[in-house]
Amino acid sequence: GAGVSQSPSNKVTEKGKDVELRCDPISGHTALYWYRQRLGQGLEFLIYFQGNSAPDKSGLPSDRFSAERTGESVSTLTIQRTQQEDSAVYLCASSITGGASGNTIYFGEGSWLTVV
Amino acid sequence: AQSVTQPDIHITVSEGASLELRCNYSYGATPYLFWYVQSPGQGLQLLLKYFSGDTLVQGIKGFEAEFKRSQSSFNLRKPSVHWSDAAEYFCAVAPGGTYKYIFGTGTRLKVLA
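Residue numbers (our numbering), protein chains in the order written: chain A, 1 to 116; chain B, 1001 to 1113.
It should be emphasised that the hints constitute simulated quantities derived from the structure, not laboratory data.
One or more hints might be untrue.
[To be verified] Distance windows between CB atoms, simulated: (1) B/1110 to A/41: 15 to 23 Å; (2) B/1064 to A/15: 27 to 35 Å; (3) B/1080 to A/62: 43 to 51 Å.
From a predicted model like this one, the values you see are computed outputs, not experimental measurements.
Each residue gets a CB set at the ideal place from its N, CA and C atoms; glycine is no exception.
If we strip away everything but chain B, and leave its shape as in the complex, we get (with noise of 0.2 Å):
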């Protein structure tokens, strides 16, 4: 069956340094893959997505996330995280580019000053 993981519940890092949230899937192809970002009662936002060509994709706030095969993951990078980017980060995936996203459980990044 599809599914998508995220390892890790919760994280926290200081303010400055890096970050990388984990995803992996269950899909036979390659599927289309998302990044959203849910701030407290917030809706959620697109942060990047992939759907072909170049494995490392560049988002909006300064995050990237690299595509690899051969590991069924889609990785969430940013190099210095902001007391801002605190909130819960959801890695989806739509099977053969369809509406029925399947999402992962969410990591909540806690961001200390």
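The shape of chain A in the complex, shown without the other chains (with noise of 0.2 Å):
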């Protein structure tokens, strides 16, 4: 597509539920990225995929949080048992390719989670 597409834009969700939030790239590019933005601070990033494999999962915050990818294009992040801490935008991101190679990173609209 032109840019990166996130669903769904906003959720709201009660504790201890699960979300799934979905990214699709922009097409052909290689690398894809997940960052978190909790109100009134910066980006933190969560995870990154070359391609389907995921060598860079050091951001996420714990073992509730998982994301997957397939066929080289849409991703997954998961989190389970919801809690209120998770409350953010979740943003995802894509680069031609990743690793060190200085891409630019294009960013997607966001998914706005809300648990209550």
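From the two separate chains plus the hints, produce the assembled complex.
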């Protein structure tokens, strides 16, 4: 597609429920990233995919967070047993290649998650 | 530790006035530097980036930024602000050109008519 597409744009969930956030990167981009943006804060790196593999998961805050990517395209970020501190905007991004290439990263509009 | 500091949380300027948003970074070598803008309800849009070469970088929407190695700064400027520039601005560094961008906490710009 023309840009990084994320869904849902907004999600309100009850504490303890699982949520899935979807990202469709720019066509042809092999690298995909997930970031989290809490209110009033900068972005935090969560995970990086190169193709379908995730060489860097170091930013995932706990084992309740997981992500997968299939077909070198769509990625899903799953948060299990959501907690109120998980409330944030989850931003997906992609770039032509990853690693230390210095390629510009393009961001989607984000998925606003509110845990009540 | 690597970090990015945007010392101004909020800035208010009048339409037509000049603008400078500050960004300082902490990194041993010259990193890749970026400015992104986030309008309400929107994703981040890249304004400009610096990798090497000319230290004055031109971006979209009339923005420019200057890399000053001696000050570890990458300040964003615009000579005449438009009401549509009201948004939040994030400075980011990519140490060694990697994907692990480090973002500042952002500066929220308000433009007075």
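Here's how the hints hold up against the structure:
Taking 15 to 23 Å as the suggested C-beta distance range, the pair residue 1110 of chain B and residue 41 of chain A conforms, at roughly 19 Å. Between residue 1064 of chain B and residue 15 of chain A, the C-beta spacing of about 46 Å breaks the proposed range 27 to 35 Å. With their beta carbons about 47 Å apart, residue 1080 of chain B and residue 62 of chain A fall inside the hinted range of 43 to 51 Å.
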